[in-house]
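Asker: Whole structure, please, built from the sequences with the hints as guidance.
Protein chains: 2
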Amino acid sequence: MPINLDKLQQNLNYHFSDLELAERALTHRSANKLNNERLEFLGDSLLGFIIAEALFEIYPDADEGELSRMRASMVNKASLAEIARELELGDCMQLGAGELKSGGKHRESILADATEAIIAAIYLDGGMVACTQLVRDWSEQKLHAPNSDQKQKDFKTRLQELMQAKGVSLPRYEVIKITGEAHRQTFHVECTIADLEGTQRGVGRSKRMAEQAAAQKILDALGESP
Amino acid sequence: MPINLDKLQQNLNYHFSDLELAERALTHRSANKLNNERLEFLGDSLLGFIIAEALFEIYPDADEGELSRMRASMVNKASLAEIARELELGDCMQLGAGELKSGGKHRESILADATEAIIAAIYLDGGMVACTQLVRDWSEQKLHAPNSDQKQKDFKTRLQELMQAKGVSLPRYEVIKITGEAHRQTFHVECTIADLEGTQRGVGRSKRMAEQAAAQKILDALGESP
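Protein chains in written order, with my numbering: chain A, 2 to 227; chain U, 2 to 227.
Hints may contain errors.
Which bits of chain A does chain U cover? Going by a derived footprint, with three or more residues having C-beta under 8 Å, they are [stated by the list, open to error]:
| # | region |
| --- | --- |
| 1 | 40-48 |
| 2 | 53-63 |
List time: in silico EDC-like cross-link candidates among lysine to aspartate or glutamate, alpha-carbon distance up to 16 Å [to be verified]:
| # | chain 1 | residue 1 | chain 2 | residue 2 |
| --- | --- | --- | --- | --- |
| 3 | A | K167 | A | D126 |
| 4 | A | K34 | U | E87 |
| 5 | A | K157 | A | E225 |
| 6 | A | K34 | U | D64 |
| 7 | U | K34 | U | E24 |
| 8 | U | K208 | U | E65 |
| 9 | A | K208 | A | E182 |
| 10 | U | K106 | U | E54 |
| 11 | A | K218 | A | E198 |
| 12 | A | K157 | A | E182 |
| 13 | A | K34 | U | D62 |
| 14 | U | K34 | A | E65 |
| 15 | A | K157 | A | E175 |
| 16 | U | K34 | A | D64 |
| 17 | U | K34 | A | E182 |
These are calculated hints, taken from the structure and not from any lab test. Even glycine gets a Cβ: it sits at the ideal position worked out from N, Cα and C.
Answerer: See below:
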């Protein structure tokens, strides 16, 4: 089964020069001797560094212990698997027949490893700046609330649930503009709730992020921010 | 006691634009509330990544397990303290009175932390390329023999011991040329053993590295390489 790289690249908001790197990153050892394990090794340390640097910058007053705890809460199997799910990496994985049958594409460890491997692949393909930006984009919400013990609901989910609770119409999202070159696009999204006045616009490096930004603004306007 | 930054920068083969970063990296928590702990946090992950990437490149056929073992053998307290000793970081440390009295500048954990902190300081001051090059320089020998269980003796030491065993005159090293700009010098060193014919030249990013390269060539010429 060939990997659908167009969809992958769209989800990643990154276009590979060397598509073989992307394929390798999503090839589990059960599928091929040439698999993603070496990339996973590199991506693991790269991710650790990118998150460490981001926390170092965002929290200038945090001491080493706080920074370490924040990083540990972000760089772990569950968090990495969550990123993989948002990027829909599981659907693009090359798995051996056994793993495929036993639902390997949903397994947390396989997903977490794929996240690390794809990060290394992007780094090798596009360099540190591109890779850092993407990882920060994917981790944005957690970077700004790294210690929230209970998994913080994203803005879109919170807005949706709030509207359901109020019994009003649900939010609608529309991409109104995409700017920038193919490898570095910016999405502009408008969020509208038919029963409420006013719409809000959000901007982001991916459709999802732009939608989150728009949802956040509506929550702010409604006085429903956390 | 002010830190002798000239000597430090010479040992590092790096000149800081922001000297405060260097001072901070060498300030132990016993000396000041503004100390090197945050830099150590950043340097720890940065070092892990730089070594991971170097091993990934140098050993294209090594699997993830081998790469992990090699990295663990290089990135640990003893190895980092060893780098600190070669760079003479201990002499530049700012320690509180108690730590100073109890010999803190020789303590392995303090030295290892200082190595991590100075790596972060160089990164923040000079960027990834400069930092990576220096860390690879400092780690060069281990990168190419990462799994040697017994601490491998460096080439200068081996040559010295060999000459002593043979009862001939000891090697003499002379810097014959320094090229490159101040922040990125290359040292050319000549090694001579009076009782033996021929001299050998070595080139390196620091005096020490050039001497090691020259000593290695003499060992090669004598058929005494490991």
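Asker: Indicate, hint by hint, whether the structure satisfies it.
Answerer: Evaluated hints:
With 6 residues having a Cβ less than 8 Å from any Cβ of chain U, the region 40-48 of chain A passes the three-residue criterion, so the hint holds. Figure legend: the region 53-63 of chain A, annotated as covered by chain U; annotation consistent (4 residues with Cβ-Cβ distances under 8 Å, at least 3 required). Distance check on the hinted pair: A/K167 and A/D126 sit about 47 Å apart at the alpha-carbon level, beyond 16 Å; violated. Pair hint A/K34 plus U/E87 does not hold up; C-alpha atoms about 41 Å apart against a cutoff of 16 Å.
Straight-line distance between C-alpha atoms of A/K157 and A/E225 comes to about 12 Å, which keeps the hinted pair within the 16 Å bound. A C-alpha spacing of about 10 Å is found between A/K34 and U/D64, which places the hinted pair at or below 16 Å, so the restraint holds. Distance restraint check for U/K34 and U/E24: the Cα-Cα separation of roughly 13 Å lies within the 16 Å cut-off, and the hinted pair is therefore satisfied. With a C-alpha separation of about 35 Å, the suggested pairing of U/K208 with U/E65 is violated against the 16 Å cut-off.
Only pairs whose Cα atoms come within 16 Å are accepted, and A/K208 paired with A/E182 is accepted, the gap being roughly 15 Å. Restraint check: the Cα-Cα separation between U/K106 and U/E54 comes to about 31 Å, which exceeds 16 Å; the hinted pair is violated. Distance restraint check for A/K218 and A/E198: the Cα-Cα separation of roughly 13 Å lies within the 16 Å cut-off, and the hinted pair is therefore satisfied. Note on A/K157 and A/E182: the hinted pairing is violated, with a Cα-Cα distance of about 27 Å set against a maximum of 16 Å.
Note on A/K34 and U/D62: the hinted pairing holds, with a Cα-Cα distance of about 12 Å set against a maximum of 16 Å. With a C-alpha separation of about 12 Å, the suggested pairing of U/K34 with A/E65 holds against the 16 Å cut-off. A threshold of 16 Å between alpha carbons decides the hint, and for A/K157 with A/E175 the separation of about 13 Å falls inside it, so the pair holds. With a CA separation close to 10 Å, the supplied pair U/K34 and A/D64 stays within the 16 Å bound.
Only pairs whose Cα atoms come within 16 Å are accepted, and U/K34 paired with A/E182 is rejected, the gap being roughly 46 Å.
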